[in-house]
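Use the sequences and the hints to build the structure in full.
Order-wise, the sequence lines are chains A and B.
When the first sequence is numbered by the numbering used here, its final residue is 300 and no position is left out of the sequence of numbers.
When the second sequence is numbered by the numbering used here, its final residue is 424 and no position is left out of the sequence of numbers.
No false leads were slipped in.
Cross-link-like lysine-lysine pairs, in silico, DSSO-like; alpha carbons within 30 Å at most:
1) B:K315 x B:K195
2) B:K195 x A:K163
3) B:K124 x B:K87
4) B:K315 x B:K124
5) B:K124 x B:K152
6) A:K177 x A:K163
7) B:K315 x B:K152
8) B:K195 x B:K245
9) B:K245 x A:K163
10) A:K177 x B:K245
11) B:K315 x A:K163
12) B:K423 x B:K391
Think of the hints as simulated: they come from the structure by calculation, not from any bench.
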Amino acid sequence: MAEFVSRISVVCFAASYLVALACEASRLLFRSGIRGAVMVGFAAAGVVAHTLFLAWRAANEPAVPLSSAYDWYLLAAWFLACGSLWLTIANPRTPIGLFMLPLVLGLIGAAQLSSPVPFPQSPATQVWGAIHGIFNLAASVAVAFGAIAGMMWLIQAGRLARKQAPAQGFRMPSLEKLARFVGRSATTAAWTAAAGFASGLVLNAVNRQQGLLETVPWNDPVILRMGTLVAWLVIAALLERGMSRRPDGPRSAAVMSIVSLGVLTISILWGLFGASRHGGPPATAGQPAAVGMTATEGAP
Amino acid sequence: MTLAFAGGSHRTVPMDLRERLAFSADQAAEALARFRDRFPGSEGVLLSTCNRVEFYAAGENDAVPPAPGQIVDFLAECRGIDASVLKPVLAGENDAAAVHHLFAVASGLDSMVLGEPQIVAQVKQAWALAQEHRTAGPLTGEMFQAALRTAKRVATETAIGRERLSIPSIAVADFARGVFERFDDKRVLLIGAGKMAHETLRYLRDAGARDVTIVNRSTPRAEALAARLGARTGLFSDLVDELAKADLVVSTTGATAPVVTLEMFTGAERRRGGRPLLVLDLAVPRDFDPRIGSRAGVWLYSIDDLGAACEANRKTRQREMPGALEIVDEETRRFMGDLHHRSSAPLIEQLRAGWTETGEGELDRLFRRLPDLDEAARAEIRQSFQRYAAKLLHSPLTSLRNESHSGPPHGLLDALRRLFDLKD
Numbered sequence: 001m002a003e004f005v006s007r008i009s010v011v012c013f014a015a016s017y018l019v020a021l022a023c024e025a026s027r028l029l030f031r032s033g034i035r036g037a038v039m040v041g042f043a044a045a046g047v048v049a050h051t052l053f054l055a056w057r058a059a060n061e062p063a064v065p066l067s068s069a070y071d072w073y074l075l076a077a078w079f080l081a082c083g084s085l086w087l088t089i090a091n092p093r094t095p096i097g098l099f100m101l102p103l104v105l106g107l108i109g110a111a112q113l114s115s116p117v118p119f120p121q122s123p124a125t126q127v128w129g130a131i132h133g134i135f136n137l138a139a140s141v142a143v144a145f146g147a148i149a150g151m152m153w154l155i156q157a158g159r160l161a162r163k164q165a166p167a168q169g170f171r172m173p174s175l176e177k178l179a180r181f182v183g184r185s186a187t188t189a190a191w192t193a194a195a196g197f198a199s200g201l202v203l204n205a206v207n208r209q210q211g212l213l214e215t216v217p218w219n220d221p222v223i224l225r226m227g228t229l230v231a232w233l234v235i236a237a238l239l240e241r242g243m244s245r246r247p248d249g250p251r252s253a254a255v256m257s258i259v260s261l262g263v264l265t266i267s268i269l270w271g272l273f274g275a276s277r278h279g280g281p282p283a284t285a286g287q288p289a290a291v292g293m294t295a296t297e298g299a300p
Numbered sequence: 001m002t003l004a005f006a007g008g009s010h011r012t013v014p015m016d017l018r019e020r021l022a023f024s025a026d027q028a029a030e031a032l033a034r035f036r037d038r039f040p041g042s043e044g045v046l047l048s049t050c051n052r053v054e055f056y057a058a059g060e061n062d063a064v065p066p067a068p069g070q071i072v073d074f075l076a077e078c079r080g081i082d083a084s085v086l087k088p089v090l091a092g093e094n095d096a097a098a099v100h101h102l103f104a105v106a107s108g109l110d111s112m113v114l115g116e117p118q119i120v121a122q123v124k125q126a127w128a129l130a131q132e133h134r135t136a137g138p139l140t141g142e143m144f145q146a147a148l149r150t151a152k153r154v155a156t157e158t159a160i161g162r163e164r165l166s167i168p169s170i171a172v173a174d175f176a177r178g179v180f181e182r183f184d185d186k187r188v189l190l191i192g193a194g195k196m197a198h199e200t201l202r203y204l205r206d207a208g209a210r211d212v213t214i215v216n217r218s219t220p221r222a223e224a225l226a227a228r229l230g231a232r233t234g235l236f237s238d239l240v241d242e243l244a245k246a247d248l249v250v251s252t253t254g255a256t257a258p259v260v261t262l263e264m265f266t267g268a269e270r271r272r273g274g275r276p277l278l279v280l281d282l283a284v285p286r287d288f289d290p291r292i293g294s295r296a297g298v299w300l301y302s303i304d305d306l307g308a309a310c311e312a313n314r315k316t317r318q319r320e321m322p323g324a325l326e327i328v329d330e331e332t333r334r335f336m337g338d339l340h341h342r343s344s345a346p347l348i349e350q351l352r353a354g355w356t357e358t359g360e361g362e363l364d365r366l367f368r369r370l371p372d373l374d375e376a377a378r379a380e381i382r383q384s385f386q387r388y389a390a391k392l393l394h395s396p397l398t399s400l401r402n403e404s405h406s407g408p409p410h411g412l413l414d415a416l417r418r419l420f421d422l423k424d
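Below, the structure is given as structure tokens:
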């Protein structure tokens, strides 16, 4: 069994998700009696392989489980994949996977571009590091779910405005449900991103105070992009709340949720390709630490 | 064995004649009893709906069922109509064509509203009535079971019955449900008391709507309708207030000018707190100023908008027709193949019995010559004989089955009779 699990690679579950996505996309082209079962089968197989892969890594990593940027992206992808599978089973007539699986595959792609080396940690910063990572993960997942609900809202509203009956195999949830989901996601994303940012600051302060690990300067790109992201998410949540009693409030909230995903994506790309001291090892005499690192703790 | 049907539908029979030809439940029971007396040994099923009257007859072995012409005479006699009036408008078919027709009817392919599902229940009822009055038999039983199976396949494998076609059903299922997730916490406002409003409200009630207010220029009429529908009434003069409180409006007045102008709506809009408003304007001419539809958070649908969605759905159903007909063709071929194969059953049984008898005789002779064989050895030898006979029979039986798909296998059956000296 252990040997079997050890042979599971990223390609296994990425390929399963890709086939499930292709099945989902084929809804737009033709009808099929068995497509639903095939799609759920591949998505479920992907989730199982993904789970085993992460479990194997968690059990066999010498450092704190799943503490590299690589693991962080794969964990975020896993949450979205589980959400996609659950929502597909609960709403078989809605093409949830068409929206969620590209994000899952995108996160898996981001994982391939990031470092699998665990972030250096000391016992004093382990807890803060975990809190920082978990909150950032929750914020990213909330942003992704909110943006998907926002896209669906706009598609559904477009269909209703054009006065067309729903297309075969492309039935969206109601505007009421989607607007509620967008609102909740915006609030969750703002709170968790703020908590992730705050815990990152605490982590940095502990590092600075104890001289355990490299501290991140205030003008570090990671601080700037995370600060921008948090600021945007808080503004978006406040705007969403403030506009909820206006007739065009749901539309604005849907658009803002998509913008939030855009800001998050830019933040991730910046993290992947930009230079930072975030998550770096302690500086040694005469050598600036971790400049040019791309691995980021609690990415994005 | 023979299958026959005669009957007519909305396609060929004018409505006044269809009304005279239609059978009530009692009249259908009486007709079936009369059929039993008139054609003893034959099976018969009467399918009578508001759009069609058809009689299916069948006979197995010596029982010859009535021909389509006789069925038309029988129907005319039952309904007291001159047969010469019916003959030009009623159709009749035999065997595979009759089966194909029933399968298409049960699948809703011959219905006025293509793919409508009610016909399945009507076919089931017709069959149940025939069973109750003992005119149903094994042949019509198999035929009707196969028809229901075909209808199920058409319903699940094509989208022919999936798209809605009535304006109220489309208004609620495709548009109201697109805006609102639930209706039990929504306030429904009915302006006017037209028939379409009543029908739409029925769908809304099914969806969970409870809070309904009726506003009509004639208060007594609104009160009468409210009492019937379990709703409350509002004053027509308070229409703006009612609009401010409503989530969903169904409007069906007979007014010749818009009942809700943009100015009126703007007055209500300020008090709505940004809640979305769905308006189903089912009146002609329209009750709502069309400019209201461009206000944020307002989803306004006129009867023309909903009619266009109906038409699109109708076209979708038409596109599914070839796939549905393929299923009907395939099921007809399968049914007729099984039926033809069944006609060869007595001969096969005779052949098998003859071979078994010969085998048993040979075994007895063998066991007498080998008295030392124990029971286990005897059983083993007996099984070998049976397997040998089954293998020899396999090829002719397969050929018979294959031949049955293209019609009764008379040639092969005749050859078997002559080769193995079998009797009819």
